[in-house]
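**Student:** Residues per chain are reported as follows:
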Amino acid sequence: MRSIRTYLLFSLLAIITLVTFFSVLQGYRASIEKAEQLFDNRLQNLAEIIAISNHDIRPRAEESTAHSSAVFFQIWSQNKILLLRSHNAPTSFLTTTDGIANFKDVNFAGYRWRTYTLHDTQLNRWVVTGERIDIRYTLAENIVTASIIPIVLAIPIAAIIIWWAIGLGLRPLKNLVLQLSNKKADDLTPVVLPHSPQELTQLVTTINDLLRRLNSAFAREQRFSSDAAHELRTPISALKIQIHNLQRSESFDDNELKPLAAGIERMAYVIEQILSLNRHSPDQGNIDKIKIDLYTVIQQNIADQYQQIANKNQKISLTGEPKCLLAANKFALETLVQNLISNASKYTPKNGEIEITVTRDIKSIEMSVEDSGAGISEAEIDRVFERFYRIDGDQHDSGIIGCGLGLAIVKHIVELHNGQIELTRSAQLGGLKVIVNFPNDEK
Amino acid sequence: MQILFVEDDIALAEALTESLQHEGFVVNHLAKGALAINAVKTELPDIVILDLGLPDIDGTDVLKAIRKVSSDLPVLILTARATIDDKVIGLDLGADDYLAKPFEVDELLARLRVFERRASTSKHAGLTIGEVTIDSVSHQVNVNDSIIDMSRREFMVLKALMENAGRVQTRDSLESKLYSWGEEVSSNTIEVHIHHLRKKLPNGFIQTLRGIGYIIKLT
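Sequences listed follow chains R and Z, in order.
By the numbering used here, the letter at position 33 of the first sequence is numbered 33, and the numbering carries on one by one without gaps.
In short: position in the second sequence from 1, add 1000, done, that's the numbering used here.
Honestly, the hints are just simulated from the structure, not real lab data.
Being a predicted model, the structure only gives us computed values, none of them experimental.
Where is the CB? At the ideal position from N, CA and C, for every residue including glycine.
Possibly wrong hints are sitting among the right ones.
[Stated by the list, open to error] Quick list of the computed label-pair ranges, beta carbon to beta carbon:
{"id": "1", "chain 1": "R", "residue 1": "V191", "chain 2": "Z", "residue 2": "R1067", "range": "28 to 36 Å"}
{"id": "2", "chain 1": "Z", "residue 1": "S1122", "chain 2": "R", "residue 2": "D254", "range": "36 to 44 Å"}
{"id": "3", "chain 1": "Z", "residue 1": "N1142", "chain 2": "R", "residue 2": "R248", "range": "27 to 35 Å"}
{"id": "4", "chain 1": "Z", "residue 1": "V1137", "chain 2": "R", "residue 2": "N311", "range": "32 to 40 Å"}
{"id": "5", "chain 1": "Z", "residue 1": "S1122", "chain 2": "R", "residue 2": "N311", "range": "24 to 32 Å"}
{"id": "6", "chain 1": "R", "residue 1": "D254", "chain 2": "Z", "residue 2": "N1142", "range": "34 to 42 Å"}
{"id": "7", "chain 1": "Z", "residue 1": "S1122", "chain 2": "R", "residue 2": "N255", "range": "22 to 30 Å"}
{"id": "8", "chain 1": "R", "residue 1": "E422", "chain 2": "Z", "residue 2": "S1187", "range": "31 to 39 Å"}
Chain R on its own, in the form it takes in the complex (with noise of 0.2 Å):
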């Protein structure tokens, strides 16, 4: 069923048609049989009417000079001599005579006729009326089709106003459709249909149920994050700390605190990821964006994570556009540009370059990091925006902790902001170039 209306439309049509053919069938055939009652009594009052204004009872010269050639009549005698007849009724006696008047369909002059017979027991005579039966039924058929026409003309007419009357009973669901097609994929607000119909209510209700199911789902995916983020922090704060206090104290071997404070940074780190990558799917219902200056951002982030850096002597650098206005998220916006500035100082040695480039063009906006590490080959560039993924896996460059969410996170961020993000070999600097490109919304 491609659409309900035109489906509706053809069925009511069938049904419309066929019960009006019945009908007009019925109607045609019981009209007829009235018409012919009807002529049957006209020739009946005919023949009685002839037998009250003639009284002949011998034949006569001359003939009737009625001019119908459709009705005729005779009148015999007793004895069967023809008294008088109209110049178109035949000269034979056709009917018979069995004393009692009745009705007869006989042939002469090649039409089929209906007679009448009528014995008028006055002057004992035989009085006979004929009509043509074909002019009969044209008759007939004019009075009944006249009364047929205007049914079937008003099919096409109640097809027009049944299609504009489906349509009308339709609206509501129309609206509903259009309310549907409009939302946006994080909207999850109720469904308002006014006036709706009883055959709809249930569906919005149920509509409105899974709205309603899906954004408290969603609410509390957050809030289980929030309290995760809360339960898992402060433990893993007070473990640092601990440690912290640990290796101060001279009745420990620093050497061998070194693996637990490693394990607790990696755990701190790994649930900073996933807690992050969680907050950031895509799928992750509703984001708030503001206007945001990338550049401030990027600065602000450096100087927050400048100990790092500075720990490892490495060399950074901003250029590019100040004032970069971007539609984004603030905080998924902090969390990505965060994640490439570690992972750049993560993965680039001591005494090493980090270069940040931050660029406009009408129709976007770019901003690229690009360090003298290693860089990634080929070869795995697809793979590292895998979640858990780490080049050369758990084998990788000891020191450095990590858990392989770092560029998987990025990527969702991207995405949720219809950006794109490429990784390629840095020209200027040997190692890895990470190029992300936003839509530049500002017109």
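With chain R's structure known, arrange chain Z on it following the hints.
**Tutor:** Chain Z alone, transformed into the frame defined by chain R:
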């Protein structure tokens, strides 16, 4: 330095108290917001470290209450939630700094040192980093015991950098500081001041991070 430390997680509180005491701070640890507000009312500490997720009163309400008592008491907020909203709320309500859990002890200490240095410059004491000493009352700068002349604005930029030694100051944050002191700020004001300061100070005292900002490293 007396620190009021408000945190409900006992394991974290005990460990951090130990670290801070080891660094020479006097720590008064409380687990509830109501107690913290009372403590501030009774005796003003030098620094407050406040966890936002407290069991009885929301950390932001505690902060508001503290701000009613003292508007310039340095407050550092700790939180496990670490979303931008919390950060903005914390700083808007008048927190001086913000640290997300889990944090490095060294990072916390560095921030506390900034509070300390700020306190010492405002309490008429000099602040010394390497060969450079500043006195914010007399606006006097000494390098290797010889007095250096500088303009008021140059002094302010230097003071901001020295108080925040070890942390990068972006050009924007320096500009907003000058601006809040009622100075006029044009597009290259900071560059010009830094350029002049460099000539007067020891080589490499102020380091530039191209495109990002400036830093005075702690030796």
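**Student:** Could you run down the list of hints and mark each one as holding or not?
**Tutor:** Status of the hints after comparison with the structure:
For the pair R/V191 and Z/R1067, the supplied restraint of 28 to 36 Å is violated, since their beta-carbon distance comes to about 45 Å. At roughly 39 Å, the beta carbons of Z/S1122 and R/D254 sit within the given window of 36 to 44 Å. Under the hint 27 to 35 Å, the C-beta atoms of Z/N1142 and R/R248, about 34 Å apart, fit the expected range. Between Z/V1137 and R/N311, the C-beta spacing of about 36 Å keeps the proposed range 32 to 40 Å intact.
Our hint of 24 to 32 Å for Z/S1122 and R/N311 holds, since their Cβ atoms are close to 31 Å apart. One distance hint, 34 to 42 Å for the beta-carbon pair R/D254 and Z/N1142, holds here, with the actual separation near 39 Å. At about 44 Å, the beta-carbon gap between Z/S1122 and R/N255 misses the expected band of 22 to 30 Å. A hinted range of 31 to 39 Å holds for the C-beta pair R/E422 and Z/S1187, which are about 33 Å apart.
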